[in-house]
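Let the sequences and hints guide you as you build the complete structure.
The chain contents come next:
There are 4 protein chains.
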Amino acid sequence: MIKAGIIGATGYAGGELVRILVNHRDVEVVWYGSRSYIDQRYSDVYRNMFRVVEDVCRDDNLTELAKEADVIFTATPQGFLAGILTEELLSETKIVDLSADYRIKDVGVYEKWYGIQHKSPQFISEAVYGLCEINRDKITAKTRLVANPGCYTTCSILTAYPLVKEKLIDVGTLIIDAKSGTSGAGRGAKTANLFCEVNENMKAYGVASHRHTPEIEEQLGYAGNCQVTVNFTPHLVPMNRGILVTEYASLCRKVDGSLPSYEEIRAAYDKYYGNEKFVRVLEKGVCPETKWVEGSNYVDIGFVVDQRTGRIILMGALDNLVKGAAGQAVQNMNLMFGMKESEGLELVPCFP
Amino acid sequence: MIKAGIIGATGYAGGELVRILVNHRDVEVVWYGSRSYIDQRYSDVYRNMFRVVEDVCRDDNLTELAKEADVIFTATPQGFLAGILTEELLSETKIVDLSADYRIKDVGVYEKWYGIQHKSPQFISEAVYGLCEINRDKITAKTRLVANPGCYTTCSILTAYPLVKEKLIDVGTLIIDAKSGTSGAGRGAKTANLFCEVNENMKAYGVASHRHTPEIEEQLGYAGNCQVTVNFTPHLVPMNRGILVTEYASLCRKVDGSLPSYEEIRAAYDKYYGNEKFVRVLEKGVCPETKWVEGSNYVDIGFVVDQRTGRIILMGALDNLVKGAAGQAVQNMNLMFGMKESEGLELVPCFP
Amino acid sequence: MIKAGIIGATGYAGGELVRILVNHRDVEVVWYGSRSYIDQRYSDVYRNMFRVVEDVCRDDNLTELAKEADVIFTATPQGFLAGILTEELLSETKIVDLSADYRIKDVGVYEKWYGIQHKSPQFISEAVYGLCEINRDKITAKTRLVANPGCYTTCSILTAYPLVKEKLIDVGTLIIDAKSGTSGAGRGAKTANLFCEVNENMKAYGVASHRHTPEIEEQLGYAGNCQVTVNFTPHLVPMNRGILVTEYASLCRKVDGSLPSYEEIRAAYDKYYGNEKFVRVLEKGVCPETKWVEGSNYVDIGFVVDQRTGRIILMGALDNLVKGAAGQAVQNMNLMFGMKESEGLELVPCFP
Amino acid sequence: MIKAGIIGATGYAGGELVRILVNHRDVEVVWYGSRSYIDQRYSDVYRNMFRVVEDVCRDDNLTELAKEADVIFTATPQGFLAGILTEELLSETKIVDLSADYRIKDVGVYEKWYGIQHKSPQFISEAVYGLCEINRDKITAKTRLVANPGCYTTCSILTAYPLVKEKLIDVGTLIIDAKSGTSGAGRGAKTANLFCEVNENMKAYGVASHRHTPEIEEQLGYAGNCQVTVNFTPHLVPMNRGILVTEYASLCRKVDGSLPSYEEIRAAYDKYYGNEKFVRVLEKGVCPETKWVEGSNYVDIGFVVDQRTGRIILMGALDNLVKGAAGQAVQNMNLMFGMKESEGLELVPCFP
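Keeping their order, the protein sequence lines are chains A, U, L and H.
Sequential numbering of the first sequence, starting at 2, is according to our numbering.
Sequential numbering of the second sequence, starting at 2, is according to our numbering.
Sequential numbering of the third sequence, starting at 2, is according to our numbering.
Sequential numbering of the fourth sequence, starting at 2, is according to our numbering.
Derived from the structure by calculation, the hints contain no laboratory data.
We put the CB at the ideal spot given by N, CA and C, even for glycine.
Hints may contain errors.
Computed cross-link-like contacts, DSS-like style, restricted to lysine-lysine with a CA-CA straight-line distance of at most 30 Å [said to hold, decoys possible]: (1) K191(H) <-> K191(U); (2) K272(L) <-> K255(L); (3) K285(L) <-> K191(U); (4) K113(H) <-> K285(A); (5) K113(U) <-> K4(A); (6) K255(L) <-> K113(U); (7) K278(L) <-> K4(H); (8) K4(U) <-> K341(A).
Here's a subset of chain U near chain L, in silico, CB distances under 10 Å, partners left out [said to hold, decoys possible]: (9) G182; (10) N200; (11) N241.
Covered stretches of chain U, as calculated for chain A (at least 3 residues, CB under 8 Å) [as the list claims (entries may be wrong)]: (12) 13 to 20; (13) 42 to 56; (14) 109 to 118; (15) 344 to 352.
Spelled out as structure tokens, the structure:
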């Protein structure tokens, strides 16, 4: 039985980790960390867990936790883990970090977009970017630190990855218009996230400045083996869960000047995702909907080739708290401990 | 491996049966019945099931299905099962009926409230009313036909049952004000259930005439061993899932004229539900919320003793598609086949 | 042109006052009071008012405001106005108080339910309870202080008033089950009111202890000329606006033992509301819906006589920010200044 | 008093026309046309209109209506008006057509995108495209037929117009990602528009094939005096009202190779919209939100210059039923009858 600790267990991503892990047959949660609710019963914070979780919340003592736990999930604000991570901790336990601290290899880029100084850049190179479908071979029993990808990032990258990799699109033209449910904004008590402010409303935010942008650019740059600069625009949608990305790019014309066909695009997706359990490339003409993946670890992908404009429109959908956060974190943990990758993640999407 | 067939598999309750059964380790769904979508792939109707369910929908041929299946779930309109049920069918397969056809023992009451003639009243006496927490001992390997309770009914009865049974309340004063998410209205294409008509709106409907009324009255009558007549008022709420009932009744005064205390009421609940997995009586001062049971088979119950008015206010919450329909149906099936009652139902509520 | 000041202009009720008053032909808003946003432009707080309102928010200086304004609306927390009201202020300006400070005539009842000491009980007797349809003759040019009724209260009282007044129901049996949109919870940044906590959720709160209870009891007591004690249970619904009350009471039987007919009940409503512009008693069989009154000053009322139980079920719907707060406040102001009662309130409900 | 008739009065756009016109001081609605509800009271279909509108619905008899009405609004399916319009009708009454029948000057384009034959192309050249802010000088007392723009179209065009006109952006790179509330899908009883299918869900639809595309292209083509081909992707959002468009285009570099500054872009907007009542260009850094225009005739516009990518991101928001349909239709009517353009449209946005 693997012993897991969660730091930030009372945020929405932390809560989702709990939901998944209590049904994971090989994991026992031994530490519910929450600075805001120390000594309160976890089920008094999340009453859905009444009679499911009996534990009380504990302070964030990573030193002690590292001795108790085989793996620690840090669902914490940016800078938290970077501020306390040590070689000693990593020698005692594995860490799956749901924050952005170790996602970006270039520390200067991190510091610029996040506006904070990175306190432990020495671990960045060791951290594996935990996008399992792409980096699976790097996530092994030897891996000590996984940087769990962001929610928008996971959806944006997986949707475009095969086409960038196969050089089917001109990445210089890539535009990502993303829409997210409100759980992505976290559980902090802010006026802007009140029901009456979000409900019956829609807006863009963080235009040309959202922190997931450099993460997308770096990873797609690896895929295309080139510098990638994209426009990424997130929007807030009046729903609890779900991210939908709509991506636009000019298709690279073939030597005869024609555009790639639907089938050629499809073949690229099949090449990379044909055996992937959690990536579902939908059938021709079907657009993904966030509700079809709700509560599950799936990413649904669809696309339309537009002969009129020479562009392709890509669409991807996932549950931001599952594949976009806690589900992917568990998927990474499974890989790090040599378990079946989908263990605990056989979650059937809930509809309606 | 138990072979199960579902008639009405493309309604919302049918869809929830599928969601639950695909993760049930001892059951295999062999028949996805849907008159509206014959020969279409099930996952083309419910795309959340893409790559989860590969089957196509089939016509409603119970005779053939009875030969293939060990158990049939009928998630069908009122009168459907009553119109075709035969001794032959029941000799070949077990049936869990999610419609109201066999819930009410007095066929006259059924025909009056439902406005249709009952075509096979001879099976009513055999049918077991499948409210597991109350009728568990009657749901056995010998049971051939279970009448699965209605969604409002399950919530209304379980919330009041111990107090009626223990004669702590004057059932003559019982009033049930119920609120339901919109999935309870079904998947039929009606203007009244369009998003724009339901969203940002709330209303009562079926006032003093809703068909779940006699079902509640009959069952609480058994509990109290008396005639029960209640006011039951359902309301439509702009949310997908969830039923909340708020019940009002005058407390029976004790011989000294005082009202029962919180602790005495609590003891009654503990007496009947202390060992129940799926009924969670919340702690003092906590009111149930539908979100805390969403996606799970739980019923959450809370209550407040009002010394000012001499009444008690009871509150119960469940997910209308799970404990109010498909979950309870599976719970009944588990009992009918001697399996662990909670098999396939270890569903952790999803929040947010 | 009447000069109006608003204290608490950046709460939801204050915002609705602004929305209504900017289109009121005889009123000019001269003071947008908001302690939280002093010196900020009002339209930076409520951007719907961009280019509609040019003013900046000002501190809560009632002394100065009283010199500038003919009428002050106080949309403030309980105790605020009571803490600063003086004879001098009232000699200079009229006040419509949207808080509860002067609603309850018995100061002991106020202090008990609100848990605060009343700082200026000497003005309670002068204050007129501004339920226009019932107290219209008391709201005149001489009125200096109006206690604007609460949102739940307005709906609960108007729905039952004619039947209490005409002694058609046994008030001892009256139970009020109320449901409210989330704007009633105000604009404070609380976790419980976040989108993800309210959306797809429903709950009761303040069970047997909500502060609108004594206000309802007092006013219905005047109507029935008797002591009234009710159960009042509010619920939170995932929608922005709207209150729906469902009320239950036993009908008083006539001397021949029969129940009053639909027509007799209807006649009572017509007697009191036949000429009321803002109270719409719906036709037989029609249940009110909150969406049908959204954005307007209407109260919609329906009822069903249940011969089976001897009870009547009453239903009332209003927009909590309009007839439940700002609209009624303007209606009171119109009466206090001898204007047409509906001036500025000819708001057509918005659907969908 | 202008006499107005509405054909299609019981659709959502028709209902909004009624809401606006009943408060228009110079207009009387003399005909509530609705084939689906002939002889039923209008207020039985839209109960918000109880005691506001007393009329019954009438069949679609344009010949008779033309004799009674000074202006007819046709809120009808594509092809309806084209199928019955005659010179005689136009000689008797003015028509504001809310369908697409006369919006597109090239009948071949219309027939291709709409898949129907145009039955009266002879009136296309006469019809004025009623985007008031751009074509105001063409909408006069002489105008007999106005083609009222589509909802997506109005928002998409107005957001980009000044930049296209001033050649600040490369129109060849223009991509429009649009999000709409569900009232845009109409009031037809379709499964896909049920509450449970739309709520907590988001999807793209009509990708690369939506009928508003050629309308946008034609009008922006006039602005830029060039051929325009765009990607336009609509999305369905779980809210009743509101359209948000996010548009992307490469900025044209200046002769010195630099990008236009924020101020230069702003100046272009001010040049065209500086005096426009209904177009609000928001201040720097402010992104439009649909809630801020709900119920009003405003279009809110914001933009961000992205120096990193050389692109500009434009955002526009409107209420699809007001500025996107009924409000703009009334604005056109006002112009056609020489009334104040904003008459009846001084609607303050409703928040929350």
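Looking back at the numbered hints, which does the structure fail to meet, lowest number first?
Violated: hints 5, 14.
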